[in-house]
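A.B. asks: Protein chains in written order, with my numbering: chain A, 1 to 257; chain B, 1 to 284; chain C, 1 to 343.
Quick caveat, the hints were computed from the structure, so don't treat them as lab data. Glycine is no exception: its CB is placed at the ideal position from the N, C-alpha and C atoms. Careful, some of the hints might be misleading.
So the derived list for chain C, only partly shown, Cβ under 8 Å to chain B, looks like this [claimed, not checked]: (1) Gly38; (2) Val40; (3) Ile58; (4) Val59; (5) Arg64; (6) Arg188; (7) Leu190; (8) Asp243; (9) Pro316; (10) Glu317; (11) Glu318.
Listing some non-contacts, in silico: residues in chain C with all C-beta distances to chain A over 12 Å [unchecked claim]: (12) Ala29; (13) Leu44; (14) Phe89; (15) Ile113; (16) Arg222; (17) Leu282.
Okay, here's what each chain looks like letter by letter:
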Amino acid sequence: MSLVLDRVSYSVKDNILVSKMDLQVSPGEVLGIVGPNGAGKSTVLKLLAGDLRPLEGVVMLEGNNIETITPLQLSLYRSFMTQTAHIVFDFTVREIVAMGWVQNIDAFTKSKAIKEIIEVCDIADLSERRFNTLSGGEQQRVQFARNLLQLWRPCASSKPRYLLLDEPTASMDMRYELGLLNHLRQTAGHFIGVVIVIHDLNLAARFMDRLILMNHGKVIAEGAPEVVLDPNRLSDVYQTPIKVERNDLLDRLLVHS
Amino acid sequence: MRSIVLLLSCLMAQQLLAEESCQRASDPSRIAIAGGSITEVLYFLGEEERIVAVDRTSNFPQAALDLPQIGYVRGLSTEGLLSLKPTLVLGEDDMGPPEVLAQLTQTGIDTVRVKEVHTAQGILNKVRCVASVLSLENADWVAAEARLVSQLNALESVTVSKQSPTAILVLMFQEGAAIAGGENTSADGMLRMAGIKNALVDVKGWKPLSAESLIKANPDYLILTERAVSAAGGLDKVYQNPGVRLTNAGKHQHLVQMDGMSMLGFGPRTLSAALSLSEITQEK
Amino acid sequence: MMREWVLPSLIGVKFKSGKFVGLGVLLVASLVAGLSQGAVSIPLLGLVNGSATELEQIVFAEIRAPRVFLAGFVGASLALSGAVLQGLFRNPLADPGLIGVSSGAAVGAISMIVLGAALSIPDWAEAYVMPLAAMSGAMAVTFLLYSFANYFGRFSVVTILLVGIALNAMAGVVIGLFQYVSDDAQLRTLVFWLMGSFSRAQWASVLPAIGVMVGASLVLLRQVKNLDRLQLGESEAYYLGVDVPRAKRHMILCSAAAVGAGVSLTGIIGFVGLVVPHLARLFLGSSHRLTLAGSVLIGASLMILADLLARTVMVPEELPVSLVTNAIGAPFFLWLIARAARS
Numbered sequence: 001m002s003l004v005l006d007r008v009s010y011s012v013k014d015n016i017l018v019s020k021m022d023l024q025v026s027p028g029e030v031l032g033i034v035g036p037n038g039a040g041k042s043t044v045l046k047l048l049a050g051d052l053r054p055l056e057g058v059v060m061l062e063g064n065n066i067e068t069i070t071p072l073q074l075s076l077y078r079s080f081m082t083q084t085a086h087i088v089f090d091f092t093v094r095e096i097v098a099m100g101w102v103q104n105i106d107a108f109t110k111s112k113a114i115k116e117i118i119e120v121c122d123i124a125d126l127s128e129r130r131f132n133t134l135s136g137g138e139q140q141r142v143q144f145a146r147n148l149l150q151l152w153r154p155c156a157s158s159k160p161r162y163l164l165l166d167e168p169t170a171s172m173d174m175r176y177e178l179g180l181l182n183h184l185r186q187t188a189g190h191f192i193g194v195v196i197v198i199h200d201l202n203l204a205a206r207f208m209d210r211l212i213l214m215n216h217g218k219v220i221a222e223g224a225p226e227v228v229l230d231p232n233r234l235s236d237v238y239q240t241p242i243k244v245e246r247n248d249l250l251d252r253l254l255v256h257s
Numbered sequence: 001m002r003s004i005v006l007l008l009s010c011l012m013a014q015q016l017l018a019e020e021s022c023q024r025a026s027d028p029s030r031i032a033i034a035g036g037s038i039t040e041v042l043y044f045l046g047e048e049e050r051i052v053a054v055d056r057t058s059n060f061p062q063a064a065l066d067l068p069q070i071g072y073v074r075g076l077s078t079e080g081l082l083s084l085k086p087t088l089v090l091g092e093d094d095m096g097p098p099e100v101l102a103q104l105t106q107t108g109i110d111t112v113r114v115k116e117v118h119t120a121q122g123i124l125n126k127v128r129c130v131a132s133v134l135s136l137e138n139a140d141w142v143a144a145e146a147r148l149v150s151q152l153n154a155l156e157s158v159t160v161s162k163q164s165p166t167a168i169l170v171l172m173f174q175e176g177a178a179i180a181g182g183e184n185t186s187a188d189g190m191l192r193m194a195g196i197k198n199a200l201v202d203v204k205g206w207k208p209l210s211a212e213s214l215i216k217a218n219p220d221y222l223i224l225t226e227r228a229v230s231a232a233g234g235l236d237k238v239y240q241n242p243g244v245r246l247t248n249a250g251k252h253q254h255l256v257q258m259d260g261m262s263m264l265g266f267g268p269r270t271l272s273a274a275l276s277l278s279e280i281t282q283e284k
Numbered sequence: 001m002m003r004e005w006v007l008p009s010l011i012g013v014k015f016k017s018g019k020f021v022g023l024g025v026l027l028v029a030s031l032v033a034g035l036s037q038g039a040v041s042i043p044l045l046g047l048v049n050g051s052a053t054e055l056e057q058i059v060f061a062e063i064r065a066p067r068v069f070l071a072g073f074v075g076a077s078l079a080l081s082g083a084v085l086q087g088l089f090r091n092p093l094a095d096p097g098l099i100g101v102s103s104g105a106a107v108g109a110i111s112m113i114v115l116g117a118a119l120s121i122p123d124w125a126e127a128y129v130m131p132l133a134a135m136s137g138a139m140a141v142t143f144l145l146y147s148f149a150n151y152f153g154r155f156s157v158v159t160i161l162l163v164g165i166a167l168n169a170m171a172g173v174v175i176g177l178f179q180y181v182s183d184d185a186q187l188r189t190l191v192f193w194l195m196g197s198f199s200r201a202q203w204a205s206v207l208p209a210i211g212v213m214v215g216a217s218l219v220l221l222r223q224v225k226n227l228d229r230l231q232l233g234e235s236e237a238y239y240l241g242v243d244v245p246r247a248k249r250h251m252i253l254c255s256a257a258a259v260g261a262g263v264s265l266t267g268i269i270g271f272v273g274l275v276v277p278h279l280a281r282l283f284l285g286s287s288h289r290l291t292l293a294g295s296v297l298i299g300a301s302l303m304i305l306a307d308l309l310a311r312t313v314m315v316p317e318e319l320p321v322s323l324v325t326n327a328i329g330a331p332f333f334l335w336l337i338a339r340a341a342r343s
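The following block holds chain A by itself, in its conformation from the complex (with noise of 0.2 Å):
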């Protein structure tokens, strides 16, 4: 039961992207992508997505080839939080997050789903508000309980279904950035598979279950963040001295340079 990259690459005119990717994710966990500009982590995230196509290899969603899966029934299987377009018309806050409903099922599930999610994201005071007027970090955090919306489910379902990320904390304050990172791992107890592309070194030795580093479209690294997160390797990929120490209070890794 996986998302999985099978030796895949992609490029654009002469510029490879992504090179000859191994990459899988299962249900429960959550896996983190770094690395430098340029690495090719936005564009692993989309094949993934199913919507960029692979050169070479094959993205298989539950043994499945994903180009064989039609995009409604993709859609509810795995959701995609990108970073936010300009929405030109007026909607509220409680509209938007309702474009992530992909089910079929009644209107009452579908509001009761709503308001769950609303209040469980903790938006509930900017539910009725136009969206263009919030801030970037505000609209984030809004994208993100849309995208729970489309994962979610009347009961517990032991269906494998798969968040993807984006960089979704880019313009939050520390509080709510936090909040959504710690919210990935109780998403991930619902059987779901979180992969989440961050440029913050810290959060992700800090949050996530495994790691990937990347760079030049390559998998440099893999493994638990303690592993990936070696100095000498990132000072390398990174291209600037960059030191990890064990902070043994706080249990947790610190990556500075």
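Chain A is already provided as a structure; the job is to place chains B and C on it using the hints.
C.D. replies: Using the frame of chain A, we list chains B and C on its own:
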């Protein structure tokens, strides 16, 4: 069932519409007119009392301008027309749109399209047609008809030959170009009637002419509508136009100005206009 | 706990239904006004109890009724197409005229006006050949638009807008050329046809056009969810399950069909596709379920009333209806821009 009958009669009516006929109208007491020349004919026949409405192209005589309006000859309004309760709709050949004509026929109202031919005989036929629709038989009509026939006879002696002078008829000046009449226009018909050769050869319809084309055509006479002259800013300005100055017409001061509708409307006035024009151009 | 959230959402639904009922009433009122008023005074009661004259019956059934119904359906189609295109292009200024549909229909109709003489069409068929030609023009332009976009390999919104502008310009050239080669009679018919009007409505040509408009509109109305999701972005819509190329195809083709069918009978009527969706959004909300349904109701009412005004304000003459829609639409449009600039 009734709607099927209506639909069929609608289609049939439209077939009948195809034929322009001069059948006498059952009740020609209230007439709505679409076409300036027809209005002219009614006044010429002394039957203007019957007119309840005219269209936008009916601007002669002056009195016609005060009558209720039914719109442009090719863009009539059915309900508007009907609200004036006419018993007969009389119009020029190009009245329209065809859908409105079909609607009028559906309501059972007498609708007559008078055939348009750009010759002196065509004018006579037009007037005769209207007279026949109105069932005119009195002495006034006989006298009027006789007048027209004598004008037609006078024009008959005027024909286009190799010695005929050439001319171009300019309707309007638009953005510096002269809109002139080529083949198959009322202008061409007018020139022929007056015994003048149209200097615009191999041109069909109304076309804008550049100064160069005017010079190349080199007409002996340039005939302009009053509208064209005022648009140019006066006859002097027209003479100064390089396209005009270098033609025979310009060099010999052979510019003629006449009312546009009288020349091109092909109503009774047009016969007189043709006669005047032939007199002006035949005197050498 | 149930009461907490059921009540607010029920009230929300009721409030919106109240507004919809209001719009429904507006439409019915417009219909009644359109059918009962006109240059010829016809007592509606007389029609019902049989005391109306035969002339009044014919005027009502064959001249006024097809006209009012055509106006309603054309208004609804233009507004619906406008709303769909604004959603698809994520541009509040999108309009069926923008992607070249109206121009395409015009080119088709004008070709028929100018070349029709050479084809010796029997007079009785004249009235039907024009609409067919106009619809073909609309579809041809849409097909060209689609092909160009496909050829460039990108079906992006910007590509479509640019190709639409180019096609509009080309249509302008073709129309200009036709104006040049047409003879005087054709030219005047052409110029007159270009100014929108409902005066040419007859059941025989109106009914098929309405059929096309209804069919296309039904497809467009089903695009509600897709349109909402497209607002988040094309990729995001895909992630939410939308088959984006297919949805775009349906939206563009059906807009073209709906608008083309209308333009073929009425000529070009401006501003309705642009302004009515904004009115619907202001009154009901931006969710497309509300905007599309609202556009249909408001568009139909507005057009019936505009046509009523056009044919009664200068009796016995008639104003071209686009004069009325432009007169109302242009100031409203300026107001929209001012409002957007302020916020």
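A.B. asks: It remains to establish, for every hint, whether it holds in the given structure.
C.D. replies: We went through each hint and held it up to the structure:
1. Contact between Gly38 (chain C) and chain B, as hinted, is supported at the beta carbon level, the nearest pair being about 5 Å apart and thus within 8 Å.
2. Hint on Val40 (chain C) holds. Least Cβ distance to chain B is approximately 5 Å, under the 8 Å limit.
3. Of the supplied interface hints, the one on Ile58 (chain C) holds, with its beta-carbon coming within about 5 Å of a beta-carbon of chain B, less than 8 Å.
4. Evaluation of the Val59 (chain C) hint against chain B yields a held restraint, the C-beta minimum of about 6 Å falling below 8 Å.
5. With a cut of 8 Å, the hint placing Arg64 (chain C) at the interface with chain B holds, because the nearest CB-to-CB distance is about 7 Å.
6. Given hint, Arg188 (chain C) at the interface with chain B, holds; its Cβ is 6 Å from that chain's nearest Cβ, closer than 8 Å.
7. Taken as an interface hint, Leu190 (chain C) does not check out: its beta carbon lies about 10 Å from the nearest beta carbon of chain B, beyond 8 Å.
8. Nearest Cβ of chain B to the Cβ of Asp243 (chain C): about 42 Å, over the 8 Å cut. The hint is violated.
9. The interface hint given for Pro316 (chain C) is met, as the beta carbon of that residue sits about 3 Å from the closest beta carbon of chain B, less than 8 Å.
10. Interface restraint check: Glu317 (chain C) against chain B, minimum CB-CB distance 5 Å, threshold 8 Å, status holds.
11. Residue-level restraint check for Glu318 (chain C) holds (minimum Cβ-Cβ distance to chain B is 4 Å; threshold 8 Å).
12. Every C-beta of chain A lies more than 12 Å from that of Ala29 (chain C), the closest at about 28 Å, which supports listing it as non-interface.
13. At roughly 41 Å from the closest C-beta of chain A, the C-beta of Leu44 (chain C) stays outside 12 Å, upholding its exclusion from the interface.
14. Look at Phe89 (chain C): its CB is around 9 Å from the nearest CB on chain A, not clear of 12 Å, so calling it non-interface is violated.
15. Every CB of chain A lies more than 12 Å from the CB of Ile113 (chain C), the least distance being 39 Å, so the non-interface label holds.
16. Separation of Arg222 (chain C) from chain A is adequate, the least Cβ-Cβ distance of about 14 Å exceeding the 12 Å criterion.
17. Leu282 (chain C), annotated as away from the interface, has a beta carbon of chain A within 12 Å; the closest lies near 9 Å.
Hints 7, 8, 14, 17 from the list above are not met by this structure, while the remaining hints are.
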